[in-house]
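S.K.: Below, each chain spelled out in residue letters.
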Amino acid sequence: MSDQPTRFPSREGSAYGRPPAQSNKLLTEVGPGTPCGELLRRYWHPIAASKSVTDLPRKVKVLGEELVLFRDAKGRAGLLYPRCMHRGTSLFYGKIEAEGIRCCYHGWLFDVQGRCLEQPCELERGRHRDAARQPWYPVEERYGLVFAYLGPLEKKPVLPLYDNLENLAPDQEMWCTVSGFGSTGDDSLDVVPYSWLQMNDNVMDPFHVHVLHSTFSGVQFHEQFSLLPQVDFFYADHGVCYSAVRQLEGGREVDRISSWLMPNIMSVPDIRFKEGQSDGVSWVVPVDDSHYVQAFVMKMPKGAGGFALTLNGKTWGTMTEEEHQRFPGDFEAQAGQGPISLHSEEHLVTSDRGIMLQRKLLEKQIEVVAQGGDPVGVCFDPAKAVVKVRSGNFYRAARAAG
Amino acid sequence: MSDQPTRFPSREGSAYGRPPAQSNKLLTEVGPGTPCGELLRRYWHPIAASKSVTDLPRKVKVLGEELVLFRDAKGRAGLLYPRCMHRGTSLFYGKIEAEGIRCCYHGWLFDVQGRCLEQPCELERGRHRDAARQPWYPVEERYGLVFAYLGPLEKKPVLPLYDNLENLAPDQEMWCTVSGFGSTGDDSLDVVPYSWLQMNDNVMDPFHVHVLHSTFSGVQFHEQFSLLPQVDFFYADHGVCYSAVRQLEGGREVDRISSWLMPNIMSVPDIRFKEGQSDGVSWVVPVDDSHYVQAFVMKMPKGAGGFALTLNGKTWGTMTEEEHQRFPGDFEAQAGQGPISLHSEEHLVTSDRGIMLQRKLLEKQIEVVAQGGDPVGVCFDPAKAVVKVRSGNFYRAARAAG
Amino acid sequence: MSDQPTRFPSREGSAYGRPPAQSNKLLTEVGPGTPCGELLRRYWHPIAASKSVTDLPRKVKVLGEELVLFRDAKGRAGLLYPRCMHRGTSLFYGKIEAEGIRCCYHGWLFDVQGRCLEQPCELERGRHRDAARQPWYPVEERYGLVFAYLGPLEKKPVLPLYDNLENLAPDQEMWCTVSGFGSTGDDSLDVVPYSWLQMNDNVMDPFHVHVLHSTFSGVQFHEQFSLLPQVDFFYADHGVCYSAVRQLEGGREVDRISSWLMPNIMSVPDIRFKEGQSDGVSWVVPVDDSHYVQAFVMKMPKGAGGFALTLNGKTWGTMTEEEHQRFPGDFEAQAGQGPISLHSEEHLVTSDRGIMLQRKLLEKQIEVVAQGGDPVGVCFDPAKAVVKVRSGNFYRAARAAG
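As you go down the protein sequences, you meet chains A, B and C in turn.
Okay, so the first sequence: first residue is 3 according to this note's numbering, each after it adds one.
Okay, so the second sequence: first residue is 3 according to this note's numbering, each after it adds one.
Okay, so the third sequence: first residue is 3 according to this note's numbering, each after it adds one.
One should not assume that every hint holds.
[Stated by the list, open to error] Here are some chain B residues the structure puts well away from chain C; computed CB gaps all over 10 Å:
no. : residue
1   : 56
2   : 75
3   : 159
4   : 191
[Said to hold, decoys possible] With a straight-line cut-off of 20 Å between C-alpha atoms, the simulated EDC-like cross-links for lysine to aspartate or glutamate are:
no. : chain 1 : residue 1 : chain 2 : residue 2
5   : C       : 61        : B       : 324
6   : C       : 53        : B       : 324
7   : C       : 158       : B       : 14
8   : B       : 61        : A       : 323
9   : B       : 63        : A       : 324
10  : A       : 53        : C       : 324
11  : B       : 61        : A       : 325
Worth flagging that the hints you see were computed from the coordinates, not collected in a lab.
For glycine and all other residues, C-beta sits at the position ideal for the given N, C-alpha and C.
Whole structure, please, built from the sequences with the hints as guidance.
M.R.: Have a look at this one:
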């Protein structure tokens, strides 16, 4: 018998004989040594809310690496490789002390930069302990978040500031979350079970707002999204922006500007169309190739205490499978693409131009890093650490129709 | 050290040093492009009960392919590749409309043959939409079942009729299920977690009825099965039949004829030994290499509402693990062979002749398809679409003892 | 783009750019044909408590092999390859008879040495049945345990006796368990989810007792373990021993001698520091590369009925995840090394000398077996089957300080 069965050409669009499909590995593989993983490792990433980092060590997974995060008794956050360098026991079971974390098995004590301070079962509590070093990563805290840098130390940039997050008014407070809030609108998921690229694609896609969130199963955010906007995409500020102009009654229009910054940072304007600059920033942080968490920071009125979105009057976590089918939101649209979408099957069209610009920029910067350069958006000068955020809802008199 | 540890010859049948075992991949691999998968793709397969196909899309998996099944508002069943051709979101979250199904993400609308009718975020709702086609498969409905054809369109045969399912009497109705009913006798399992071949082997094996169902742990079906029959196996009607003759009291005998039709179709006579032609037909439809569903169609008295078998007085789904051990049935015998049996370890004997005939026919027809031919049992002439079913329990005066 | 992204040297102990880590496959792979698997197959291993082996067949997995264990109606334990040699159905669903076990599917009957006694669907109940043999392994019972030998029959050693388990006093009884008791101190786990080597490493490591069990989160066993002992490691009796001397008040000292015998046998002295020879023996039996069970036999006062350890006043199985973090024990220290530790990352120090001796002996004996020889500790002479166990807590007047 021949090894290969006879294949017939696919006719009339039949599903028979369609070619195997592939994911875009270049943009979805995030582990150590992968091209995109190395690009992502040149930026700071928020990995946890500061208040969740205590004397009880917690497991975190970032860019495919399992790590342990804790706060020592002097208040310093530490991010260490979890396997104790001595015999490999997890520091998840370590005990916090003033100077660091102590392994439960044989008591080796490490500080937040991995220095070994004590080996209690060795002579003189470890005559050679200075030669030992537990692998570690730098962390810094800002806006209520713990940021980590997983790249080469000599390439560590300044942790950026964002102009829209500075200057908190007296009646405001900072709200933050690191979770699946961005895809479900509630606190159901700690981790989102699909590629970071699928959420990243979503942000420069103003058209899905018109369908998924407005006309498919009712208004999810605000009625104004039902109006199909006039959209312009453009590169700006080491990222991509769109301007979506909607004509309102009474001769006015609103220009909704949204922005995405390299490599995974976004600022979406207020979804109730409140006037002015966006109040928040978020980051889509890969956990591994097929999972991510999204960190949000947002200025809020004091005491607001966060919020949750509803679909058909219910929060996402309380809906049945049939309700998820009948009232799908971002989670269903993106999880429906699979753990890692099969990009070879995509048919991108005019309305997908924002995504094409994002991916082209990511690909180009992956190449820059692979060639030994520094990617756009990293800054080594503390004096230039403030990033200007363009995003917002801007109202004005209608211009002449284009 | 040498790479290979010293091995000793297996002595006295010891389990030490036995060779690695293999599955028969030729007959158990069912995915696209596999030899058996291509053979199976030349026939129609029932994939769901018609009444289960509604305006709420459902996931089905057939021959290793994940698909979405729905009924449009005009009543047409549709079977589409689930990933929307635009950006890959699952049509499981699609919305049914009169003309087809609409993707939740950007609203592309497809009919049951995959034609793209609308792209609402594009100019003129998609000036090039006619060039787009969502991959689809043909479906037809009969006997309360939705049948699908997953092969090349130019080789699509006529959907067969079965003579024993035609001419429903006024007091009869058609009962059907697509589930694990055939292995458990109840409605516990939606999908059966082992290879289709294991159930397929079971049907031309009249001897297991004598042991498993009659003498091992008591009578499961009917006392008459306790009699060891005189069995004859033969090829017939593009399949394999057996005739099992049992001598009864009073000088009578019963000839139980069971038949299996290429490639996965069977008609088992009434298991309470009711006289006459079999009332039903079933299909063992592979879900993937290690899972299947069995579709049953059976004429029943009106209002009978289906039935469930019991073992030791309990339905399968209510038994404990120990009860399954002490009162095993088809599920235990077949699941006990593993997700995919290790056929290299089999020792087939005289009583396994039916299985040998089935496998030989399958292998031969796999070769026919691989060589570009049409396998037996497919029919392209609507005038010849009726299949005669031989199966039944036939009573008569005992012939002279052989 | 170049295939490899630029890599930077790891600096300041950063976790960036650390090399991939490996397990020690030589000592952790236990399946058929692996070097360590072949070494382990030259010894008897306890696989179940005798009382758990009944007329209801049970599944056991040992050294990567799935088997079925039962007791025939004459009281003989049998250990067979589970897939019936006829058509592969599991003998887990077999029925026990006087002479052996009968397969549920077609009724083949096998004795405890795999001989086929009946093939009821064949002529004359199997004219060729003597040629059939179900793969089997030898078993013997002692100390309330079923021991199995999975190696080549011609190399089967005598099942050893242990001097400390002989001569049960009239007020004593034998207590045994085959479970995760040795790692959790209670009966929560039937199987322990990490490599046998991790528990094996633990026994010649007297220093972890000082940290993990005594000073890290309070005294788990006995206060005396808080004293850091003077430890000497040495090869003895086809294994490794340590002597740990602690200076007590009043000019006395206690010498705690613990021993490990090839390849996975250990006798730990009474953990409440009771004087005299150890009362028990235990075996760390690999289930597969990343799971094991530990068999314990121990002399106990009659009616004691076993015991359970507590951590912070609770048994292991009733503790929360946070309590496991704050009061870790052997399970956390060893499971924290992962399913199979990454040995290439270890940094063994002076206090790990016992482990180094054990591993060296294992490696050497693996080589002996690979070269065709017999490893140490196997005995073919029934007259020499008694093993002397050195372990115990021995009190005496303090010697001059070293």
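S.K.: None of the hints should be skipped; say for each whether it holds.
M.R.: Hint check results:
1. 56: Residue 56 of chain B clear of chain C: closest Cβ-Cβ about 39 Å, beyond 10 Å.
2. 75: Residue 75 of chain B clear of chain C: closest Cβ-Cβ about 49 Å, beyond 10 Å.
3. 159: Non-interface label stands for residue 159 of chain B: nearest chain C Cβ at 33 Å, farther than 10 Å.
4. 191: Residue 191 of chain B is indeed farther than 10 Å from all Cβ atoms of chain C, at 17 Å.
5. C:61 / B:324: Given pair residue 61 of chain C, residue 324 of chain B holds - Cα atoms ~12 Å apart, limit 20 Å.
6. C:53 / B:324: Holds, at roughly 17 Å.
7. C:158 / B:14: Holds, at roughly 13 Å.
8. B:61 / A:323: 12 Å, holds
9. B:63 / A:324: 19 Å, holds
10. A:53 / C:324: 17 Å, holds
11. B:61 / A:325: 16 Å, holds
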